[in-house]
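From first to last, the protein sequence lines are chains X and G. Position 170 of the first sequence, counted from 1, bears residue number 170 in this note's numbering, the numbering being contiguous throughout. All you need for this note's numbering is the position in the second sequence, starting with 1, plus 1000.
Simulated from the structure, these hints should not be mistaken for laboratory data. One thing to keep in mind: the hints can contain errors.
Said to hold, decoys possible - With a straight-line cut-off of 16 Å between C-alpha atoms, the simulated EDC-like cross-links for lysine to aspartate or glutamate are: (1) G/Lys1198 <-> X/Glu32; (2) X/Lys178 <-> X/Glu59; (3) X/Lys179 <-> G/Glu1050.
To be verified - Output of the computed footprint for chain X on chain G, the stretches with three or more beta carbons under 8 Å from beta carbons of chain X: (4) 1049 to 1062; (5) 1076 to 1087; (6) 1182 to 1188; (7) 1191 to 1202.
Stated by the list, open to error - Derived DEER-like restraints, expressed as beta-carbon distance ranges: (8) X/Ala48 <-> G/Phe1016: 32 to 38 Å; (9) X/Ala48 <-> G/Phe1061: 51 to 57 Å; (10) X/Leu63 <-> G/Ala1219: 45 to 51 Å; (11) X/Thr61 <-> G/Gln1062: 27 to 33 Å; (12) X/Gln66 <-> G/Thr1199: 18 to 24 Å; (13) G/Ile1223 <-> X/Ser203: 29 to 35 Å; (14) X/Arg172 <-> G/Gly1046: 50 to 56 Å; (15) X/Ala48 <-> G/Lys1233: 47 to 53 Å; (16) X/Leu117 <-> G/Pro1040: 40 to 46 Å; (17) X/Gln66 <-> G/Arg1015: 55 to 61 Å.
Positions of the beta carbon are idealized from the N, C-alpha and C atoms, including for glycine.
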Amino acid sequence: MTDSITDNRRAPPVGGRMATPDCATQKHVPGEVGIWLFVAGDLLVFSAFFVVIALGYREQTELFAQSRTTLDMWVGVLNTFFLLTGSWFVAKGVESCRQAHGAASSRYISLGILFGLLFVANKSFEWGLKIANGVTPKTNDFFMYFFSFTGIHLVHVLVGLGVLLVVRNVSRRPELSKKDIRTIESGATFWHLVDLLWIVLFSLFYLL
Amino acid sequence: MQTTVNDPLFRKSMRFCAWSGYMAVIFYIIGGVILGGMTPPLLNSGEAPEVFVRKITDNQFQIQIASVFMMISFALFGSFGAGIAAQTRRFETNPVFSYVQIVFTAGGQVIALLVAFSWALMAFRPETYHPTVVMMFTDFAYFCALFSVPLFGGWCVMIALPILVAEEGKEPFPRWVAYVNLWAALLYIPGQLILFFKTGPFAWHGFVALWIPYIAYFAWIWIMSAAMSKVAKAAGNEPVVGGARSAAGSVA
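For reference, chain G alone in the conformation it holds in the complex (with noise of 0.2 Å):
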């Protein structure tokens, strides 16, 4: 629906759906980065689950900490994702791919917190648990962040596609960032491959499967952040009524 084009108040819920873009990558860092042993993996996938339950236990309480840090940057998911959508909607007559991205945006959310309860259960009493159990929140935690291509890649292409189709002028971002999710999302590919690998690059650890998805989901979530901030700033995609969008992205 293409409404009124000076909208303050957008502005500032962009403003805020940008920044928990950001913000979510830097509580991933300080999280599963500098503090939880996420990224680098502190743990590896074909270690015995007795050295799983050693490690954890002599880092338990840093991993503690960490694991609130990764469900605060996750829970910010739901409203970077919500900004994306509503600014799809903007340039929606009748709303299709702003909803399909709501449910996307809902689902990732969803295994992505998952990925901090498990890591917390994990660390949460690792010396009563028996040892394959503590392997097995591992395992899950990995398993919900990088085994669920479909989702956070389909998430992507949900984004990329009301880019690339919309009409010359009236794409709700510039078409250069449809090209980056779908690169984004192909780049989440390799995490399929932690499913038959238990040591070596596309194992759970391994530079293919962890770091590349990694690297690209964090990566992505901090480019959106910045084309909404644009947004934000009315230096973006607006949409116009009759009207035709200046090189600069203001409106006529």
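This is chain X alone, in the form it adopts within the complex (with noise of 0.2 Å):
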């Protein structure tokens, strides 16, 4: 995650724009306040699929167990060390565009590409290999639930990886202005939300 900054940190400046004495003993506040706004809205979302998830456990407790038990976990597992790696580079790729801005901002990013694509090809196996077997949305709730929601899920990857691909982008920049660093913040900020709504989804489809 950008955690929360000083702003005295991104000291010397990134893009010839040096932090006022004023804000430097202020909270910074990674990104802007419409990203935040953007991952509350998402995260309400979000909460109420779980929720819709968990009436249907409730209801088809036995019918959820049993078809939870054909889902392979290690396929979950691999998702999710892709995510949190990819997130790890990105988070690098930002600590360096604050601090230390140079070619290894935009590489910590592309890494972050990387395993975003990963997430997706391992993806594209497990639904591939589900549908190969005659497991579709339709065989039973349980499908129909973890097919749309990690469909759902899988967009917002894909969003991902293209607001990753601008972010990349301007961490290229020679240097870097105070907005470029708020742009780079934000689409940072959207893949980590990204990675949370997964880590929640592999929770409930394949670990309860």
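If you follow the hints, you should be able to join the two separate chains into one complex; please do so.
Here is the structure:
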């Protein structure tokens, strides 16, 4: 996560912008207020999704428990590993942009993108295998939820990859302005949200 | 194009466009919620065609009146969307996004009007049409409203992009408005699932595929209308020629 930092941590200035003494003691909010509004909104909706899944579990406990055993937990574990590692690289990239901006910054973001792509590949492999075995969203309610909610999450991952590409392009600029840093932090925040949502989905579908 | 700062006619026009949005929501609540049975859904995607016909026949006059209200509501999308494009246009030297927004507005309005057309036809002579035809009109209405994610979502993205890529202090709307638009676009996505399910939360009468996109859509109209009202009061974003905008949004 892009932890809260104080503005003075950004010194020496990136892109020639120096933090003013006034704000040196203020808490720095990564990105901007809007992205946090977005994060809160998305979390709210996913919370509703999680309630829908939980209700499904309660109504059809046996079916859900039985269906869950057909999921390969290690595929889920691998996907969690891909996203967490990707997020770690993105966080390193953001830190690098803030402090000692150089070629390493965009390399970290590129590694984040690579791990995101590995997630997509692994998810496609998992889905492909299920569909080849005749398991589809129409098989039962568990798989209806599984395919739909992980599908909506996959859309988030794809959007996130697009956002990371923008972040990567910005991070390659020789000098970063305050606005560039804001863009990088906002993009990274979205990627961490994607990560967080997956961890809850993973717990609900593979572990419970 | 950054034009004159104090333009009373522009303010009146923006107020009109903002009120188009507010009225669109109010007319939809009357037509689609109170009278028409669209949300909450009177019909259920998994029911037999004969059940559709019975329910529609029982509420025929009410649904017909509702269709008129829905038609008015959706017709107002045009001036609502044009207002957003007009404000975007004020900040463009060479217009691109404002034109794109106009295209999405027109597309969105036409598809929305088809919802009202289909709802009206569904209740036109259900006793004469074959039940499956009545059912198809209902399906068509919900598909126009919910399955058109790239159109309505794309519209939101086209509003968000010019705000996000604008130079500091030259955004047509406050930056948080861009994020609200992106959030709305994401909330429409479950609407695409109605193609695959006839029962459960992902069917066109379900919680995830119907309620989330619908609430997001009408909340989005309300928020964008409020943003336009702020511009109309000269307390919102104004184009500045060689000056700086004050914290309150007024111009130097």
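Here is how each hint holds up against the structure:
1. G/Lys1198 <-> X/Glu32: Outside the cut-off at roughly 41 Å; violated.
2. X/Lys178 <-> X/Glu59: 51 Å, violated
3. X/Lys179 <-> G/Glu1050: It is violated: about 60 Å lies between the C-alpha atoms, which goes past 16 Å.
4. 1049 to 1062: violated (count 0)
5. 1076 to 1087: violated (count 0)
6. 1182 to 1188: Our answer is that it holds, as 4 residues pass the Cβ test (under 8 Å) against chain X, meeting three.
7. 1191 to 1202: Since 6 is at least three, the answer is holds.
8. X/Ala48 <-> G/Phe1016: 32 to 38 Å: Since X/Ala48 and G/Phe1016 have Cβ atoms about 36 Å apart, the given range 32 to 38 Å holds.
9. X/Ala48 <-> G/Phe1061: 51 to 57 Å: 35 Å, violated
10. X/Leu63 <-> G/Ala1219: 45 to 51 Å: Violated, since X/Leu63 and G/Ala1219 (Cβ atoms, about 35 Å apart) do not stay within the stated range.
11. X/Thr61 <-> G/Gln1062: 27 to 33 Å: 41 Å, violated
12. X/Gln66 <-> G/Thr1199: 18 to 24 Å: 20 Å, holds
13. G/Ile1223 <-> X/Ser203: 29 to 35 Å: This hint holds: roughly 33 Å between Cβ atoms.
14. X/Arg172 <-> G/Gly1046: 50 to 56 Å: 52 Å, holds
15. X/Ala48 <-> G/Lys1233: 47 to 53 Å: 35 Å, violated
16. X/Leu117 <-> G/Pro1040: 40 to 46 Å: 42 Å, holds
17. X/Gln66 <-> G/Arg1015: 55 to 61 Å: For G/Arg1015 against X/Gln66, whose Cβ atoms are near 59 Å apart, the range 55 to 61 Å holds.
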